[in-house]
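*Asks:* Residue-level listing of the chains:
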Amino acid sequence: MGKYLVSPNPHIHAKESTSTLMRDVVIALLPAVLVSVVFYGLGEIVVLGVSVASCVLLEYLITRYMLKKPSTICDWSAAVTGLLLAMNLPASTPWWVVVMGAVFAIGVAKLTFGGLGQNVFNPAIAGRVFLLVSYPTYMTSWAMPQGLFGADAVSGATPLGVIKEGLMQGASVPQLMAENGWSYGSMLFANIGGSAGEISAIALLAGFVYLLVRGVIKPYITLSIWATVFVFSGLMWLINPAQFTDPIFNLLTGGMILGSCFMATDYVTSPMSNKGGILFGFGIGLIAMLIRYFGSYPEGVSFAILIMNMCVPLINRAFHQKKYGRA
Amino acid sequence: MSKRTFSIGGIHPHDNKIARGCAIEVLPLPQTVYISMAQHLGAPAKPVVAVGDQVKAGQVIAEPGGFISAFVHSSVSGTVKSIAPRQDIAGNWMTHVEIAVEGDEWVEGVDLSDTLVTEIPEDRNAILEKIKACGIVGLGGATFPAHVKLNPAPGSKAECLILNGAECEPFLTSDYRIMLEKTKEIIIGAAIMQKVLGGCHTVIGIEENKPEAIEAMQKALAELKYPNIEVMSLMKRYPQGGEKQLIDAVMHRQVKSGGLPISVGAVVQNVATSLAVYEAVQKNKPLVTNTMTITGDCLPVEKQHNYLFRIGMPLSYIAEYAGGVPEKAAKLISGGPMMGKAIANLDACTVKGSSSILYLSEETTKRKEETSCIRCGRCADACPMGLEPHLLRRLVNAGDVEGLEANSVQDCIECGCCLYSCPAYIPLLDIIRPAKGQVMGIIRNRAAAAKAAAEAAKAPQK
Numbered sequence: 001m002g003k004y005l006v007s008p009n010p011h012i013h014a015k016e017s018t019s020t021l022m023r024d025v026v027i028a029l030l031p032a033v034l035v036s037v038v039f040y041g042l043g044e045i046v047v048l049g050v051s052v053a054s055c056v057l058l059e060y061l062i063t064r065y066m067l068k069k070p071s072t073i074c075d076w077s078a079a080v081t082g083l084l085l086a087m088n089l090p091a092s093t094p095w096w097v098v099v100m101g102a103v104f105a106i107g108v109a110k111l112t113f114g115g116l117g118q119n120v121f122n123p124a125i126a127g128r129v130f131l132l133v134s135y136p137t138y139m140t141s142w143a144m145p146q147g148l149f150g151a152d153a154v155s156g157a158t159p160l161g162v163i164k165e166g167l168m169q170g171a172s173v174p175q176l177m178a179e180n181g182w183s184y185g186s187m188l189f190a191n192i193g194g195s196a197g198e199i200s201a202i203a204l205l206a207g208f209v210y211l212l213v214r215g216v217i218k219p220y221i222t223l224s225i226w227a228t229v230f231v232f233s234g235l236m237w238l239i240n241p242a243q244f245t246d247p248i249f250n251l252l253t254g255g256m257i258l259g260s261c262f263m264a265t266d267y268v269t270s271p272m273s274n275k276g277g278i279l280f281g282f283g284i285g286l287i288a289m290l291i292r293y294f295g296s297y298p299e300g301v302s303f304a305i306l307i308m309n310m311c312v313p314l315i316n317r318a319f320h321q322k323k324y325g326r327a
Numbered sequence: 001m002s003k004r005t006f007s008i009g010g011i012h013p014h015d016n017k018i019a020r021g022c023a024i025e026v027l028p029l030p031q032t033v034y035i036s037m038a039q040h041l042g043a044p045a046k047p048v049v050a051v052g053d054q055v056k057a058g059q060v061i062a063e064p065g066g067f068i069s070a071f072v073h074s075s076v077s078g079t080v081k082s083i084a085p086r087q088d089i090a091g092n093w094m095t096h097v098e099i100a101v102e103g104d105e106w107v108e109g110v111d112l113s114d115t116l117v118t119e120i121p122e123d124r125n126a127i128l129e130k131i132k133a134c135g136i137v138g139l140g141g142a143t144f145p146a147h148v149k150l151n152p153a154p155g156s157k158a159e160c161l162i163l164n165g166a167e168c169e170p171f172l173t174s175d176y177r178i179m180l181e182k183t184k185e186i187i188i189g190a191a192i193m194q195k196v197l198g199g200c201h202t203v204i205g206i207e208e209n210k211p212e213a214i215e216a217m218q219k220a221l222a223e224l225k226y227p228n229i230e231v232m233s234l235m236k237r238y239p240q241g242g243e244k245q246l247i248d249a250v251m252h253r254q255v256k257s258g259g260l261p262i263s264v265g266a267v268v269q270n271v272a273t274s275l276a277v278y279e280a281v282q283k284n285k286p287l288v289t290n291t292m293t294i295t296g297d298c299l300p301v302e303k304q305h306n307y308l309f310r311i312g313m314p315l316s317y318i319a320e321y322a323g324g325v326p327e328k329a330a331k332l333i334s335g336g337p338m339m340g341k342a343i344a345n346l347d348a349c350t351v352k353g354s355s356s357i358l359y360l361s362e363e364t365t366k367r368k369e370e371t372s373c374i375r376c377g378r379c380a381d382a383c384p385m386g387l388e389p390h391l392l393r394r395l396v397n398a399g400d401v402e403g404l405e406a407n408s409v410q411d412c413i414e415c416g417c418c419l420y421s422c423p424a425y426i427p428l429l430d431i432i433r434p435a436k437g438q439v440m441g442i443i444r445n446r447a448a449a450a451k452a453a454a455e456a457a458k459a460p461q462k
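In the order they appear, the protein sequences are chains F and A. Under our numbering, read the first sequence as residues 1 to 327, first letter to last. Under our numbering, read the second sequence as residues 1 to 462, first letter to last.
Hints in this document: simulated from the structure, not taken from any laboratory. Since this is a predicted model, take the numbers as computed values, not measurements. One or more of the hints may lead you astray.
Stated by the list, open to error - Once the Cα atoms are required to be at most 30 Å apart in a straight line, the calculated DSS-like pairs of lysine-lysine come out as:
#	chain 1	residue 1	chain 2	residue 2
1	F	K3	A	K368
2	A	K46	A	K56
3	F	K322	A	K256
4	A	K256	F	K15
5	F	K3	A	K366
Claimed, not checked - Covered stretches of chain F (in silico footprint by chain A; criterion: 3 or more residues with CB under 8 Å from a CB of chain A, positions within the stretch not fixed):
#	region
6	12-18
7	116-125
8	259-265
9	315-322
Glycine included, each C-beta is placed from N, C-alpha and C at the ideal position.
Just chain F, same shape as in the assembly (with noise of 0.2 Å):
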């Protein structure tokens, strides 16, 4: 009998591991990638890879040599990190500002507080904002979508940037989007300016669809921080359309879908429960609305996405599990 395993129940296990998970997140985000890499050129490559790679070989040589514990490279998380981050650069980044967001992703806000699991902050939109405030030059000269043999590139702001410059100077919101000649069209499927997670909101859609389709996130924090986004700025817009962006602008521009698609849907820095959920996506919606009109930086996604990581332990201490017979 010893030839057998005797251990106790359950005895099988559903195919899904943390590494198939963030498997399926890599997948997700690939028609994005793809439609960056077309539009932006060689930058985007060399920001994709020097992202991707340092994000990797940190988490390597930081869990083997100075954590001296087993590399965790194996889950995907690293890369992961590595993709959103690269997705969160303009494609003119140089490459070592690319690094340092990477030392401050993985290194910082992942690996002090322990690792996969244990980070308060996402760690990509943690390195994201390092950079932003760091080195600001960089980070908001965006390249304009140039293909991918395309000349050098151009650079230009985005509509937020473009909106909050404009109205700064005295010029109304349908003035600006006319001058700039902004469709939804373009914003849909990639004509304007910004990161390559900002230039196509059908690539990264079609991501989200398939996690939704795979079972690999729920859509609750996602469609919160819409509907918020949607009402909040559609009320503003009733009131002062030649203040305030439209709602659709709202939801399609920036780093909105991106962000409450892939990064507040993030296991690790999101709610538990379904209703903690929604109310993370409500406080996220409304604080990178409240950035986007009242604050001085033009976008405000990764900063309410920061914020709202900070409640996280609170909301999962609010919210419980409906039990069984304890009504």
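Dock chain A against chain F, hints included.
*Replies:* Same frame as chain F, now just chain A:
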């Protein structure tokens, strides 16, 4: 027909009912059987035979050792060779009565024919006495003595008898086969229990992955015409066959923590128990046989079986008869893959509640290495009791017993959904199970102390 299910948690493992097409075959008798005295929940039975005694099949060989206990009968005719400790499937030592098989002679009055007896006795107490005398226990897994459950304390009334035909555990097909082959017997058994409970509404709950069983039951019900019995199709979802979950699915009521099903008017019995009740009451046959499935992911279909076995048959004898343990088997399980027990000792013998020998290959059963919790919340989503296994694990690690009780660790039904669904392969149930035992012990002690204090307070007033 409505398709219902329980309201909290649950998982959808592949059902793998590979042996569903295998008709029930009767196992030949071995040379020796070893009948355990602990075949039921509660106190072990006390042997009433001595070494050297001649016994017949169906003869009482042990009597109840307490209020919650049951009679045990000989499953064969022959000579008692020894009454001695022997290891059960987990390797624990338990008193067994060893009987050398000689012929196959049954005690007088047992009707072994297939003739259907549809007339239900009138006397409720006589039926209960018969169920007790025949050693009927719940065959859905817990082996709780049936006569206790069918005789609710005064003041509580059964509103609904639920017959559990969910068979939500993957691989197992014995309940499915008896529902096909002993359909009418099961319904008559249900009608008998209905009678005992005062004529309450009766629901036979069957998961939708067994449409043939649902159809057979409906057809037989139409023919037999017992009043107030219906078949209910349930969604396929584990652990639908859990007593609390089944009550929720069928009656939309939830049993309070620490409460009994009867507190919400429910009595749940397995379909196999119903068959045993039929055989006991109508045929005078004690519970000495049951049906088991020989199955697994590394066993070819043609080697899979559903067997009618007698209690006390060594598992090794059955495995050998069925063609031996498959080479690729890494784990042998008695019961389903979710809640069954790993067999540590194949020389152990069948008991009343045996339901399978399940062979799982290494790739199916081996757990991957545990990694960090990623706080995905899948364990909490899967828990059918609405517990938060990730939180319970943290509380166990912190040694916070009060926190564990406040977060209802005592409600855990050990169904394994949390561990099944954890992508980090954290052995959640392995961690929670001992904590549950500890907290339940504390609750019991507290209740005992409160009772003692109440009695002490009462005493001087007299």
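*Asks:* Next, verify each hint and record whether it holds.
*Replies:* Each hint, compared with the structure:
About 19 Å separates the Cα atoms of F/K3 and A/K368, which keeps this hinted pair within 30 Å; it holds. Between A/K46 and A/K56 the CA atoms are separated by roughly 18 Å; this keeps the pair inside 30 Å, and the hint holds. Taking the CA atoms of F/K322 and A/K256, the gap is about 13 Å. The hint holds against a cut of 30 Å. Of the pairs offered as hints, the one joining A/K256 and F/K15 is violated, with about 34 Å between alpha carbons and a cut-off of 30 Å exceeded.
Distance restraint check for F/K3 and A/K366: the Cα-Cα separation of roughly 14 Å lies within the 30 Å cut-off, and the hinted pair is therefore satisfied. Figure legend: the region 12-18 of chain F, annotated as covered by chain A; annotation consistent (6 residues with Cβ-Cβ distances under 8 Å, at least 3 required). Proximity of the region 116-125 of chain F to chain A, defined as three or more residues with a beta carbon under 8 Å from a beta carbon of that chain, is established by the 3 residues found. By the rule of at least three residues with a Cβ nearer than 8 Å to a Cβ of chain A, the coverage given for the region 259-265 of chain F is violated, with 0 such residues.
Check result for the region 315-322 of chain F against chain A: holds, 3 residues qualifying (beta carbon to beta carbon below 8 Å, three or more required).
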